[in-house]
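J.: The lines below spell out each chain.
Protein chains: 2
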Amino acid sequence: MDIRRLKGSLPLRLCLLLSAFACSAHASTPAQFPSAQASDPAELGWMVGSPPPPERILRFDDGSYFRFPQMRWSVSNFRQLMPTVNVSHGLSAPSPLKRNLLDAIDTVSFMPLGADKPMTWQQSLLANYTDGIVVLHRGAVVYERYFGVLKAQGQHGAMSVTKTFMGTLAALLVAEGTLEPERKVAYYVPELAASAFGNATVRQLMDMTTGIRFSEDYADPNAEVWAHAAAGNPLPKPADYQGPRTYYEFLQTVQPQGKHGEAFHYRTANTDALGWVLARASGRNVAKLLSERIWSKLGAEQDAYMSVDSIGTPFAGGGLNSGLRDLARFGEMVRNNGRYNDQQILPAEVVTDIRNGASREDFAKAGYSLLPGWSYRNMWWVTHNANGAFMARGVHGQALYIDPAAEMVIARFASHPIAANSANDPTSLPAYAAVAKYLMEQPKP
Amino acid sequence: MDIRRLKGSLPLRLCLLLSAFACSAHASTPAQFPSAQASDPAELGWMVGSPPPPERILRFDDGSYFRFPQMRWSVSNFRQLMPTVNVSHGLSAPSPLKRNLLDAIDTVSFMPLGADKPMTWQQSLLANYTDGIVVLHRGAVVYERYFGVLKAQGQHGAMSVTKTFMGTLAALLVAEGTLEPERKVAYYVPELAASAFGNATVRQLMDMTTGIRFSEDYADPNAEVWAHAAAGNPLPKPADYQGPRTYYEFLQTVQPQGKHGEAFHYRTANTDALGWVLARASGRNVAKLLSERIWSKLGAEQDAYMSVDSIGTPFAGGGLNSGLRDLARFGEMVRNNGRYNDQQILPAEVVTDIRNGASREDFAKAGYSLLPGWSYRNMWWVTHNANGAFMARGVHGQALYIDPAAEMVIARFASHPIAANSANDPTSLPAYAAVAKYLMEQPKP
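Protein chains in written order, with this note's numbering: chain A, 1 to 445; chain B, 1 to 445.
These aren't lab readings, by the way, just hints derived from the structure by calculation. A few of these clues could be false.
Chain copies aren't distinguished; within one or between two, either way the pair holds.
Unchecked claim - Capping the alpha-carbon separation at 16 Å, the derived lysine to aspartate or glutamate pairs in EDC-like fashion look like this:
| # | residue 1 | residue 2 |
| --- | --- | --- |
| 1 | Lys151 | Glu292 |
| 2 | Lys98 | Glu144 |
| 3 | Lys237 | Asp61 |
| 4 | Lys237 | Asp62 |
| 5 | Lys444 | Asp40 |
Just need the whole structure built from these sequences, with the hints factored in.
T.: Set out below in structure tokens:
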């Protein structure tokens, strides 16, 4: 891929291509995009045929795979576009998920943020380009829907929900004493000593309170996000390419900006640096670590997988792809304070620490107007609402929402045309709350 | 990948890289190669470390991944090197495999072909660079070993064993009436009308008796195998590349040589053409067809996967990767005349047709001196020995060996330094026969 050539193109969409899905582009109305129905990837028939018609072929190297609406196919098929590494679920049978379907959830009504008329749950799924959604209540599937090309059998990009897995693994190693959160990053990764990460603590990585320069301003050809993406791109580099060639090489170039530990700054590079720390602390890459410590213990029904750079480094900041029900199993494990599938997979204290959250003042400095009073801990987004809900979030609408009071877990994959979750939060966050309320009103069995 | 640059390098190894593992290079002694122990990929630590040391990094684009001994790692990790498409096993629990281990198999002795002193089974596994081997007797695992980086949990390249799956799927569609074997290839794929395949029958593809020009002489820069490999390579083509850009485009360029139906000629391009026919006859690509009709019915414990070209076409001639036990499950299903996991997965007549084989006279014309009296039917190699054994074979020692009389199935993955199976047949074919004899002598339970 010729980065310079791509830079000339549409910045919003290219941010998705080049930063590998960790954008924080500003929200705007999706009015310029086709609707969920009009952009249905199954209807449009991407990559269908032998061969597909030329105008239905998507490629990684020319960026066509991540234009809209093409990306609605690609998010369920990243593996066909790039090299990946497996996150094995092991060889045993999946843990059973009880089913107690409540189709009436379709009619649950809520008021979208900033709107003046209500919307039903069912309408919301189209409004925010949902590809698949599962609701668990007390561990049983009460609602499950798939759209477009996603099926129960298949994996979807989790985008920055990947970060939450990394933060959880880090918290697990901390609880075990394998990782010391107050150590400097350079203690674990000496190669980062001269970078902005070197004198940050592991805890600051985990809570994203480092002071680093990592611009995701796609209109700026010198923004660090371009170098990050080019470094992590697994394709052969252009002959005249002079930049960092891997995620690890890129991380060593990151410069300081501001002070560590003063405010929440959501920067994908923090998670990639945390991934490096995890690899050094555990002696295995994060895909293997995730398989060994979490995925193989959940009774997952499918392997997950991660994208890799040209030397096999899994993309810790956003490279995970998984089945939707398996993401829900992970959420259910966390909701149960780490216990699931007859095992204590995470120490309960890890979940307590996540639920307690971090500094709401630090979080407020980041200016997320739709997320008032929230905080960010161990790469989880903590609502601090009355129900104590907390969640994992990835661009284009990926979400894992855990509501302890409602005994509810929602896993959602989506392909919203706008990366930033501020574009889909108005039709999803209040919808989750409304379903939580509905479930809390159900008679106890 | 710059094909011209690669052409200048070692032809034997590059055949593996470029033809994507479908070579039929002449056998030679492996004396110039390090032993199985000295080339153990786990000991050598390929791709281990964060980052791995530079001399332990393997890449697809520069061909380093398929040099020896590096390829001993790559055959268990193709997915990390290239885009792939899943062959889903579905979401249900794996079918149980009983275990009745007979470790005494290690001491079974046999005379290697052309040798003057015997070898034990255990010795043979090192002699032919076995990565993993499973022996089933009456459906129970009686022997299972893994070496190097292959584990029960993980997938290995099946190389041309892939062809056997394609031939079996074709035979299944024939039995159902979806595919008419006496039809001309051009009936199903009009785009092939002007190629050598156009006036061949589907049956001639299935039994590889077409007369096509497809040289695998790697010393010849004009050999068709180079064009086939370049066409199927998923990486972006060099700017000045003028050749076919996909498997399908390549197949349209294949020229006639000799007459159809007169002799067995083992040519990978036949299977790629059959893959195209299967896609047209079934309305889905061969990865999906394989999942739907076979893999998801076996109770496989892992998904399989296939490599793809730049437009997502699975490499029918050699792109399958699977777990070893799942390959054994497939063999056990065939041994049981198509019935397995409480389902009739293949009609019994399909297995009967395979076991009956094809013309031994046609086969003899191909000059396989180590395979006297064999034939090739539906992309299976039929021994016509006293036990009625038949097998699937892939370069570097991949094998699925079914011995009906001994009620035995052997699945083996290997990474022999020499592609052609004539290099490992001397220490494997008589070993299989010796274990069959041993098992037939065991008391009935």
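J.: Would you list, in rising numerical order, the hints stated earlier that this structure does not obey?
T.: 5
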